[in-house]
Amino acid sequence: GQQLNQSPQSMFIQEGEDVSMNCTSSSIFNTWLWYKQDPGEGPVLLIALYKAGELTSNGRLTAQFGITRKDSFLNISASIPSDVGIYFCAGRPSNTGKLIFGQGTTLQVKP
Amino acid sequence: DTAVSQTPKYLVTQMGNDKSIKCEQNLGHDTMYWYKQDSKKFLKIMFSYNNKELIINETVPNRFSPKSPDKAHLNLHINSLELGDSAVYFCASSQDGSADTQYFGPGTRLTVL
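Those protein sequence lines, which keep their order, are chains L and X. Residue 280 in the numbering used here sits at position 70 of the first sequence, with consecutive numbering throughout. Residue 1123 in the numbering used here sits at position 100 of the second sequence, with consecutive numbering throughout.
Warning: the hint list may mix true and false statements.
To be verified - Calculated pairs, BS3-like style, for lysine-lysine (alpha carbon to alpha carbon, straight line, at most 30 Å):
| id | chain 1 | residue 1 | chain 2 | residue 2 |
| --- | --- | --- | --- | --- |
| 1 | X | K1094 | L | K308 |
| 2 | L | K308 | X | K1090 |
| 3 | L | K280 | X | K1063 |
| 4 | X | K1032 | L | K308 |
| 5 | L | K308 | X | K1063 |
| 6 | L | K320 | X | K1094 |
| 7 | L | K320 | X | K1042 |
| 8 | X | K1094 | X | K1075 |
| 9 | X | K1067 | L | K261 |
| 10 | L | K308 | X | K1067 |
| 11 | L | K280 | X | K1067 |
| 12 | X | K1090 | X | K1067 |
| 13 | L | K261 | X | K1064 |
| 14 | L | K280 | X | K1032 |
| 15 | X | K1064 | L | K320 |
| 16 | X | K1032 | X | K1059 |
| 17 | X | K1045 | X | K1032 |
| 18 | L | K308 | X | K1075 |
| 19 | X | K1059 | L | K280 |
| 20 | X | K1064 | X | K1045 |
| 21 | L | K308 | X | K1042 |
| 22 | L | K261 | X | K1059 |
| 23 | X | K1045 | X | K1094 |
| 24 | L | K308 | X | K1059 |
| 25 | X | K1045 | L | K280 |
What the hints contain is simulated information worked out from the structure, not anything from laboratory work. Being a predicted model, the structure only gives us computed values, none of them experimental.
Model the full structure from these sequences, guided by the hints.
What follows is the structure, encoded as structure tokens:
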């Protein structure tokens, strides 16, 4: 089946540093989404992207829909301890109504 | 008010038992989903219902049977539980079947002994 490759798998950074993670697909996606999952909770939507080239911000978070429609990245600026969690990219392929999720990026922030 | 709620939060049971997980959403959405998250945190869709009608049915064993009594509820019944069924199961909902903004419940951690 279709898969998303999300990297890096995990990150351990210092508070205040910027973070970047990305997702790539072998096929074209119509939509890219970024979710965050805190321990013991369900994923929460951070940013949704609907057009190739679209760049969207949500506070310290910025995400972009790649021009080729096969990738997306998420940046977090000036990380803080509460940014800790697992970040998932998700995409909707053009030929299906279901979301495909990446493997997740586990972020740890050292105060 | 909780938008998407699931019960129970934790479920520990023996192999071979039958169990159910309930999900309710108060968002007025038409579409609901069940996802399975394995020990490596990989999220995979299992089922999707739109207004009580099954629209997505991934390759899931027949032991798993979703039931939607109305569009605000989607329950998951699992027969003859196996060790490999141990995972966290998430319910989610969206405005309609083409909507990408899915709201997730808090998850049900199922442990099969």
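**OP:** Report the numbers of all earlier hints that the structure fails to satisfy, in ascending order.
**Re:** Violated hints: 6, 7, 14 and 25; rest satisfied.
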